[in-house]
Amino acid sequence: MTRLDLTGAIDRALEVAMGRDERIVIIGEDVPMMRAALFARFGPDRVRGTPISEAAFLGAGVGASLGGLRPVVEIMFVDFLPVALHAVINEAAMVDTLSGGRWTAPMVVRAACGGGYGDGGQHQQARWGMLSSIPGLTVVVPSNPRDAAGLTLSALEHDGPVVLLEHKLLSSFWLDMVAGWKRPGVEIDVPVDGMWGELDEEITAVPLGEAAVRRSGPDLLVVSLAVGVHRALQAAEILEAEGIGTTVLDLRTVSPLDGDRLSEAAIGKRGVLVVDEDYGPFGLSAEIAAVLAERRVAIPYARVTASGVIPYAPRLERLHMPEVGRIVEGARRVLGADGGRPEPAHRADM
Amino acid sequence: MNLADLYLQMARMRRFEEALGELWGNGLISGEMHLGIGEEAIAAGVVAHLGDGDAMALDYRPTPALVGRGLDLRSLLLEMLGSEDGLCRGHGGHMHLLSRSDLAFSTGIVGSSAPMAAGLALSAERLRPGSIAVAFFGDGAANQGMVLETLNLAVVWNLPVVFICKDNGWAVTTRSSRLTGGTLVGRARAFGMPAVAANGKDVRSVWKASGAAIERARRGGGPTFLLLNCSRPRGHFEDDPLVRVVRHPRELLEMLPGLVAKARQQEGGPWARMRSMGAMTRTLLRMAIDQMVIRWDPLPRAARRLPADIANGLAERARAEVTSAVQAALAEVGT
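In the order they appear, the protein sequences are chains A and B. Numbering of the first sequence is given in this note's numbering, commencing with residue 1 and proceeding in unit increments. Numbering of the second sequence is given in this note's numbering, commencing with residue 1 and proceeding in unit increments.
Bear in mind the hints are in silico, worked out from the structure with no lab data behind them. One should not assume that every hint holds.
Here are some of the chain A residues that sit facing chain B, going by a computed Cβ distance under 8 angstroms [as the list claims (entries may be wrong)]:
| id | residue |
| --- | --- |
| 1 | Ala56 |
| 2 | Ala60 |
| 3 | Gly121 |
| 4 | His123 |
| 5 | Arg183 |
| 6 | Ala293 |
| 7 | Arg295 |
Label pairs and their computed distance ranges (CB to CB) [stated by the list, open to error]:
| id | chain 1 | residue 1 | chain 2 | residue 2 | range |
| --- | --- | --- | --- | --- | --- |
| 8 | B | Arg219 | A | Ala56 | 42 to 48 angstroms |
| 9 | A | Asp200 | B | Gly21 | 41 to 47 angstroms |
| 10 | B | Arg275 | A | His86 | 28 to 34 angstroms |
| 11 | A | Asp176 | B | Glu22 | 19 to 25 angstroms |
| 12 | A | Gly68 | B | Leu127 | 52 to 58 angstroms |
| 13 | B | Arg250 | A | Asp193 | 49 to 55 angstroms |
| 14 | B | Ser177 | A | His86 | 36 to 42 angstroms |
For every residue, glycine included, the Cβ atom is placed at its ideal position computed from N, Cα and C.
Chain A with its partners taken away, still in its complex shape (with noise of 0.2 angstroms):
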C-alpha cells in the first residue's frame, strides 16, 4: 500500500502502464519537470516537454493516436485547452464516425480543473460540461487517488479519446505549484479523503461510464462528482440530524453518463439534487434532468451549481461554488412544499 494524492495516483498508474505499454508517450509543456519521476525513468522519448504551443501539440497527440500511439497529451489546466479544441472536437473525437468506424484515436487528454484557491476565472474553470457535450469524447472526473489511478488504467486502454480531469483541490502537486497553500493565513478547504488515498501494489482498474454509490439514504438524492462528492457527503451529515437520509452518487465519468445507475438511485427519492462546480445551464445538470425526464423518473429537480464566471475574491468565490451551506439549502428547497424553486441568485455585487 502506497500513500499517494490524486496527481500521484495518476502518475503511479501511468508508470504501470508505460512499463506495460510501449505505445505510451507523454506529451506536454514542462512534463520533464512535472513528472520527474516518469521522466527519469522511461526518459526524454516517452515523456516529452513540448513548447508553450497547445494547437500544435495537442493536433500531434492526435495525430501519433491515428499512427499508433497511445499519447497522453498534458494540457496543463483545462482552462488552456480552448487554445487547441480544434483537434479535440473535429479530430480526435469525429475520426471514428468519420472513418465508419474503421479509425479510432486512442489517446488521453489530460488536464487540471477545478477552483477553490483563489486563482481567478482563467485558471479555475470545471468545463467537464463543455467537454461532454462533444459526440465521441469520453470524459472522467475521479473524486478520490484510488478510482484516478483506476480510471487511468481504463482510459489508457480504451479505443477512443478521453478527457481524464484532475480537480486540484484533490491534488497536493497541484496546491503546491499554484496556491501556494501551505502559506499563513490561507485557507484553502481540502477534501482530506479525496485528496489522499492508499493505493495498493496491483490497481484496480475502474471501469469508465460506471458511478458509485458513496452513501445511500432514503429521502434524497444528490448526484456530484470530483470535489462535489465531498461536499455533498459533508451536507448529508448535516442533513440527516435533520433526519433527511442521503443517498450520494459520485458520477466519475460526465461521458458516457451512467443513466441506469443514475435513475435507479432517483428512484423512490423524494428530491434529487446536482452539485456541481461546472456552469449551470446547457450542461450536466440539466443533462441529468433530460436523462432523468426521458427515463419517465418524476422527482422534484434542483441544482446547485458554479452560476457563472468564477471571481477571483475568496469571499465572492466561495459564494459561486457549490459550498456545503448551498447544498443543505438546495436539499431543503428540493424536498419541501415548494421544491424545484430555482437556487435564488447568489452574485454578490451584479
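We have chain A; now place chain B onto it with these hints.
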C-alpha cells in the same frame, strides 16, 4: 529621454512588485502570483511613449506596465486583496487586471495578448487615428500559434501595433532555447515586419527602440517586433519549485534518491538514462546560474547614470508612495 523619470517609474514598479510578493507570502493574496521583477526597464521604456487613446494588451505579469501607465496603486492593491473597491471589484485578480478607461487588458492565457493587441490596434486605426496598441508577451509565448498568426495579420492589415517580446529565456520550467526553432527576430522578419533586438535590461535602449517602433506605428508605418532580453529572478511564479530546489539544496537531496531509483529501472537503457538525467541537471544548473547572476537587475544600471543623491531621492519617493498605498489598501480591507 528623461532618465530620472524612467528610473522613478522603474523604482515604483519594483517596490510595487516587492509589496505584492510580500502580501502574497503573508497569505493576503490568493492563487498564483507572477511578479514582473526583472522586467521594469522594458515596462518603463515602452510605457513612457504611450498617451491617451493608446492601448496595452498584457500577460499574467501585468502590474509593472499598469503602474508605469499611472493606474491608481491603491485600486490595483485592493483588487488583489479581493476588495470590491478594487480595479475590477475583486472579480479579476492579478492575472485579470482590466481597465476600460486605460484600454488595458491582461490575460492568464499564454500568447493571447498578441491577437488582443491587434484588435485594439484595429479599433485605434478606425476610431482613434494616431493611437496605437502594444502587446507584451514572453519568449515562451512566441511559439503559440495565435502569436504567429497575429504577426502575419498585423502585417497584412498594416496595423498600428508593437509586439514587445520579453525574453527571459524560460517557458515556465523549460529553457526556451530547447523549445524554439530559428530565432524570434528572424521569424518576425519572415512575416515582413521590422524586428529589432535591444537590451531589455537597459531602460535607455528600450526607450529608444520602442520609441522608434511606436512612432512608426503612429505614422501608419505598420507593426514592429521588439525582442528585449530580461531576467526572471523569482522564477515563473512565487514559490516556483525550481527556484526552491536551487535555493534549498536539501529539497533536491530529498528528491534525488526517488529519481535515481526510477532512472535505474529505465527501460530505454543507459543512453536514455543519461539524456533524462542530463536534461534535469541542465535545467537546475541553468536556474542556479540565473539565481547567481548579479547583473540581472535593470535598476542599478539606470541609477548609475544619475547623480547619486537624485537616484536615492527618487528611490525613496517610490518607496514612500508604494508604502503609503499598501498601508491605505490594508487599512481599507481591515487587515
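- Message: Given the hint of 41 to 47 angstroms, is the C-beta distance from Asp200 of chain A to Gly21 of chain B inside that range or not?
- Response: For Asp200 of chain A and Gly21 of chain B the Cβ distance comes to about 43 angstroms; the hint holds.
- Query: Given a hinted range of 42 to 48 angstroms, is it respected by the beta-carbon distance of Arg219 of chain B and Ala56 of chain A?
  - Reply: Hint violated: Cβ distance 36 angstroms, outside 42 to 48 angstroms.
- Is it true that Arg275 of chain B and His86 of chain A lie within 28 to 34 angstroms of each other by Cβ? Holds, at about 33 angstroms.
- Holds or violated: is there a CB of chain B closer than 8 angstroms to the CB of Arg295 of chain A? violated (40 angstroms)
- Interface hint compliance - Gly121 of chain A to chain B, C-beta minimum distance less than 8 angstroms: holds (6 angstroms)
- Would you check whether His123 of chain A satisfies its interface hint, that is, whether its CB is within less than 8 angstroms of any CB in chain B? Because about 6 angstroms separates His123 of chain A from the closest Cβ in chain B, which is inside the 8 angstroms limit, the hint holds.
- Item | Assessment of proposed distance window 36 to 42 angstroms (beta carbons of Ser177 of chain B, His86 of chain A) | violated (29 angstroms)
- Minimum beta-carbon distance criterion (8 angstroms), Ala293 of chain A to chain B: violated (35 angstroms)
- Item | chain B contact restraint on Ala56 of chain A - CB to CB distance below 8 angstroms | Since chain B brings a Cβ to about 6 angstroms from Ala56 of chain A, closer than 8 angstroms, the hint holds.
- Could one say that the CB atoms of Asp176 of chain A and Glu22 of chain B fall in the range 19 to 25 angstroms? For Glu22 of chain B against Asp176 of chain A, whose Cβ atoms are near 20 angstroms apart, the range 19 to 25 angstroms holds.
- Message: For the restraint on Ala60 of chain A, tell me whether the closest CB of chain B is nearer than 8 angstroms.
- Response: At about 12 angstroms, which exceeds the 8 angstroms cut-off, the nearest Cβ of chain B leaves the hint on Ala60 of chain A violated.
- Leu127 of chain B and Gly68 of chain A - C-beta distance against the hinted 52 to 58 angstroms: holds (53 angstroms)
Hint compliance for this structure: hints 2, 6, 7, 8, 13 and 14 are not met, and every other hint is.
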